[in-house]
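Each protein sequence line maps, in turn, to chains Y and A. Numbering-wise (the numbering used here), the first sequence opens with residue 3 and increments by one. Numbering-wise (the numbering used here), the second sequence opens with residue 3 and increments by one.
Keep in mind that the hints were calculated from the coordinates and are not lab data. Be aware that a few hints might be false.
[Said to hold, decoys possible] Below, simulated DSS-like cross-link-like pairs (lysine-lysine); rule was C-alpha separation at most 30 Å, straight line:
1. A:K51 / Y:K172
2. A:K172 / Y:K36
3. A:K270 / Y:K270
4. A:K36 / Y:K51
5. Y:K116 / Y:K157
6. Y:K116 / Y:K24
7. Y:K36 / A:K51
[Unchecked claim] Per label pair, the in silico range of CB-to-CB distance:
8. Y:N241 / A:Y40: 49 to 55 Å
9. Y:K51 / A:T200: 33 to 39 Å
10. Y:L105 / A:T200: 42 to 48 Å
11. A:S25 / Y:E256: 33 to 39 Å
What you are looking at is a predicted structure, and each value in this text was computed from that prediction instead of being measured. Virtual Cβ for every residue (Gly too), placed ideally from N, Cα, C.
Number of protein chains: 2
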Amino acid sequence: MNQRNPKRIDKPIFSAAAQLPKSERQFLRSLQQKKYRYLHKKFLIEGLKPVLETIDSGFPVEKIYVSNDFLNKLNVPDFETLKAQNENLQCVDTADIQYISTLSTPEGIVALGKMISEQVPLDDLALYPAVYLYEINDPGNLGAILRTARWFGIKSVMLSPNSVDLFSPKVVRSSMGAHFAVSCYQNVLFDDLYDHSTRNEIPILAAEMSGAAPDQVQTNRWILVMGSETHGLPEDIINNATSVIGIPRHGSGESLNLSVSVGILFYKLTNS
Amino acid sequence: MNQRNPKRIDKPIFSAAAQLPKSERQFLRSLQQKKYRYLHKKFLIEGLKPVLETIDSGFPVEKIYVSNDFLNKLNVPDFETLKAQNENLQCVDTADIQYISTLSTPEGIVALGKMISEQVPLDDLALYPAVYLYEINDPGNLGAILRTARWFGIKSVMLSPNSVDLFSPKVVRSSMGAHFAVSCYQNVLFDDLYDHSTRNEIPILAAEMSGAAPDQVQTNRWILVMGSETHGLPEDIINNATSVIGIPRHGSGESLNLSVSVGILFYKLTNS
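The following block holds chain Y by itself, in its conformation from the complex (with noise of 0.2 Å):
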């Protein structure tokens, strides 16, 4: 099986494309709106390479639209995962992934994923290394993060309120599927967060620009917290951190890309 040279599928299994029901249309595309994903627990997943990491990370996947002209030019190895989930696959028409996706030209595959949320509180969690997130907007950067979380082996992502949503399209797509190899949570208060973390003697690493670069870090158990680009963080946090870090500048510019940095301190943290 050569992925570079993909075999045309001829004849796909499936049923020949239909018209989705208007109504099942609207749900979709209702979804690309935070109200409509906690009011029914569900959310969309756009693109190939989404898709098959969440269906590897064992995620449930309610449902898989993709039209016939993607199923057309897919590749063998992707055409056996998607057809291993055979029961939730739908051929539909083009003009139906056009109306559910958020992308202008889209790949031609999105997928209905389910939320699975529970409410753990903070001393039960316990999974470090961390990330606590405060009051970050965009969502190519979470997305980023949570990718890069991924890699670095960092257990939890946390989101104070105020957060970009976690389940907003953009996030699930540019998470590849890292979503769901790593705890995430939302809606976590800051002042939480310290009574945790003093409780349990966990070091809160506050970022911060102007910070020195962090010194060698013994163990695993840290939380890392970082705000927006635009805003940074409240000097609340910076007083309450138990050390504030940042990365050298050996060159000009006001400041980094958010998932830049978060890349550069994970590295660092985690490779003392």
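Fit chain A to the given chain Y structure using the hints.
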């Protein structure tokens, strides 16, 4: 002057908004396309921060277009900076900004930059450390890489043929002015880079997901070479590299975001 509580400016000193002549609107919009950017040697800079950073870098900004709404919301220090560019500042209809901009919700400010392009032979260049990007196609990644290069004092960013255009509006927006602080070169062939590096004894460090963590680097004379997230580097580049380096994985996942990988390698190589 408090940046957090911007003073409203009720009477801008600029002439009232007027609709742009049709030919000027069309000319500006045409710069969304690469062929017109290179025909006219002009490009668009969208958003306040990128425009201010470009002005700060001393790069020639031919004209700045702002909407009245935008001017009225502007804080005093930023207003002063733009006022210093008074001669080139023009207040236009919100609809004009919408027409020129590539963004669905533009900020209300678009500037016209002038390309400075000189053909510099590689041997006369000799600006290290440097990074060579092979067929990368994501404008957001290139912008973030330029910003990171500036932060770490990387002197040159070189792009292979078939890479994203340095002057595409999204690259310009996400680099936050770093374009103009780092020397950038397009259409550089790997063969030319290889000959140059051999003659001048500059090591080529090719990055690959499976590469080993880089050794200590004693000097700033190195060229980091990276491919795209999807395709990586071709074999002939890997085979001709002085060493192949990578980022140790402690968790799982297939790859990192390109700009995150570049940031980690810049950090490691400049902090040895």
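Results of checking the hints against the structure:
no., hint, verdict
1, A:K51 / Y:K172, "holds (23 Å)"
2, A:K172 / Y:K36, "holds (26 Å)"
3, A:K270 / Y:K270, "holds (9 Å)"
4, A:K36 / Y:K51, "holds (29 Å)"
5, Y:K116 / Y:K157, "holds (21 Å)"
6, Y:K116 / Y:K24, "holds (21 Å)"
7, Y:K36 / A:K51, "holds (29 Å)"
8, Y:N241 / A:Y40: 49 to 55 Å, "holds (52 Å)"
9, Y:K51 / A:T200: 33 to 39 Å, "holds (37 Å)"
10, Y:L105 / A:T200: 42 to 48 Å, "holds (44 Å)"
11, A:S25 / Y:E256: 33 to 39 Å, "holds (37 Å)"
When held up to the earlier numbered hints, the structure conflicts with none and fits them all.
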